[in-house]
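2 protein chains.
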Amino acid sequence: MVKHSSTTLDCTFAALADPTRRRILAHLARGDKCVTHLARAHPMSLPAVSKHLRVLEKAGLLRRRRYGRIHEMQLEARPLKQAAQWVEEYRKFWEGSLDRLAAYLEKTTKQSEKKGAK
Amino acid sequence: MVKHSSTTLDCTFAALADPTRRRILAHLARGDKCVTHLARAHPMSLPAVSKHLRVLEKAGLLRRRRYGRIHEMQLEARPLKQAAQWVEEYRKFWEGSLDRLAAYLEKTTKQSEKKGAK
DNA sequence: TAGATATTTAACCAGATGGTTAAACATTCC
DNA sequence: GGAATGTTTAACCATCTGGTTAAATATCTA
Numbered sequence: 019m020v021k022h023s024s025t026t027l028d029c030t031f032a033a034l035a036d037p038t039r040r041r042i043l044a045h046l047a048r049g050d051k052c053v054t055h056l057a058r059a060h061p062m063s064l065p066a067v068s069k070h071l072r073v074l075e076k077a078g079l080l081r082r083r084r085y086g087r088i089h090e091m092q093l094e095a096r097p098l099k100q101a102a103q104w105v106e107e108y109r110k111f112w113e114g115s116l117d118r119l120a121a122y123l124e125k126t127t128k129q130s131e132k133k134g135a136k
Numbered sequence: 019m020v021k022h023s024s025t026t027l028d029c030t031f032a033a034l035a036d037p038t039r040r041r042i043l044a045h046l047a048r049g050d051k052c053v054t055h056l057a058r059a060h061p062m063s064l065p066a067v068s069k070h071l072r073v074l075e076k077a078g079l080l081r082r083r084r085y086g087r088i089h090e091m092q093l094e095a096r097p098l099k100q101a102a103q104w105v106e107e108y109r110k111f112w113e114g115s116l117d118r119l120a121a122y123l124e125k126t127t128k129q130s131e132k133k134g135a136k
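Read top to bottom, the protein sequences are chains A and B.
Taken in order, the first sequence gives residues 19 to 136; the numbers are from our numbering.
Taken in order, the second sequence gives residues 19 to 136; the numbers are from our numbering.
None of these hints come from the bench; they were simulated from the model.
Just so you know, even glycine gets a beta-carbon here, dropped at the ideal spot from N, CA and C.
Any given hint could turn out to be false.
Computed list of chain B residues with no C-beta within reach of chain A, every gap over 12 Å [to be verified]:
1. 35
2. 41
3. 52
4. 59
5. 65
6. 90
7. 98
8. 102
9. 103
10. 110
11. 111
12. 114
Distance ranges between label pairs, derived from CB positions [as the list claims (entries may be wrong)]:
13. B:81 x A:65: 35 to 45 Å
14. A:72 x B:84: 20 to 30 Å
15. A:72 x B:76: 20 to 30 Å
16. B:49 x A:53: 40 to 50 Å
17. A:106 x B:76: 45 to 55 Å
18. A:87 x B:59: 27 to 37 Å
19. B:62 x A:58: 29 to 39 Å
20. B:107 x A:28: 41 to 51 Å
21. A:106 x B:90: 19 to 29 Å
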């Protein structure tokens, strides 16, 4: 198994566990940038969005550059790579399950065909 | 973009955000089963492990079958598929970053070659 | 039935989380 | 300088989280 930095994964997964933050990441992916603009898309106060941005920033999922009073955010997806690798290690398990399901379905389908069921 | 059930992802990512729970999943993947056995591998009380198991169960990441007084747990990785799909949508972003890094490295390498650097 | 074993539930606690509003800070514009 | 704009910080609050210990529940065994 690949050895991961546990605390990094902690931060990454925790950051992704909130739907508002996932939506913010999606907005960043589409090119949105400044705090006010991001906040307008979410039904909550500006400080709330600001906090979410800080969480994402601490998790390394966004980079912030200041141009005068406006803060420009940019998606930084690299931490997701490690998360993806972690999840990938379990792929064989869910694919195994699907294989078993497929085998089961095939078997029962054949049985119902034998019985002449439509 | 693929449409996901937000709350399912919430649960999945939140469950994965704790290192103890990720370790438990790893143990389950290796075939460990009952609560006591899983608990022995972790420096915490049995009720604490029991709580983690409940979180994993609610997130659909394990299935529990009772044989008398012992509870047999089994890894259920399918919810991870959705998480993987979500993360995958950002793959192009981190790979884009790596591409830019690669381009940068190639450029600087060529420059140092021009300068005759080893 | 009594005792041992496997596990959960209950009650509690400290600290984190996600939200609020009000105030502060930093910058730009007039 | 003073007002407007963009953003954060501070203080607060309710709820969630991850742990504890003690007690309850369920099952097996002698």
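Results of checking the hints against the structure:
no.	hint	in the structure
1	35	violated (4 Å)
2	41	violated (9 Å)
3	52	holds (19 Å)
4	59	holds (15 Å)
5	65	holds (22 Å)
6	90	holds (16 Å)
7	98	violated (5 Å)
8	102	violated (5 Å)
9	103	violated (10 Å)
10	110	violated (8 Å)
11	111	violated (4 Å)
12	114	violated (8 Å)
13	B:81 x A:65: 35 to 45 Å	holds (42 Å)
14	A:72 x B:84: 20 to 30 Å	violated (44 Å)
15	A:72 x B:76: 20 to 30 Å	holds (28 Å)
16	B:49 x A:53: 40 to 50 Å	holds (48 Å)
17	A:106 x B:76: 45 to 55 Å	violated (24 Å)
18	A:87 x B:59: 27 to 37 Å	violated (52 Å)
19	B:62 x A:58: 29 to 39 Å	violated (44 Å)
20	B:107 x A:28: 41 to 51 Å	violated (22 Å)
21	A:106 x B:90: 19 to 29 Å	holds (26 Å)
Figure legend: structure checked against the earlier numbered hints; hints not met, in rising order: 1, 2, 7, 8, 9, 10, 11, 12, 14, 17, 18, 19, 20.
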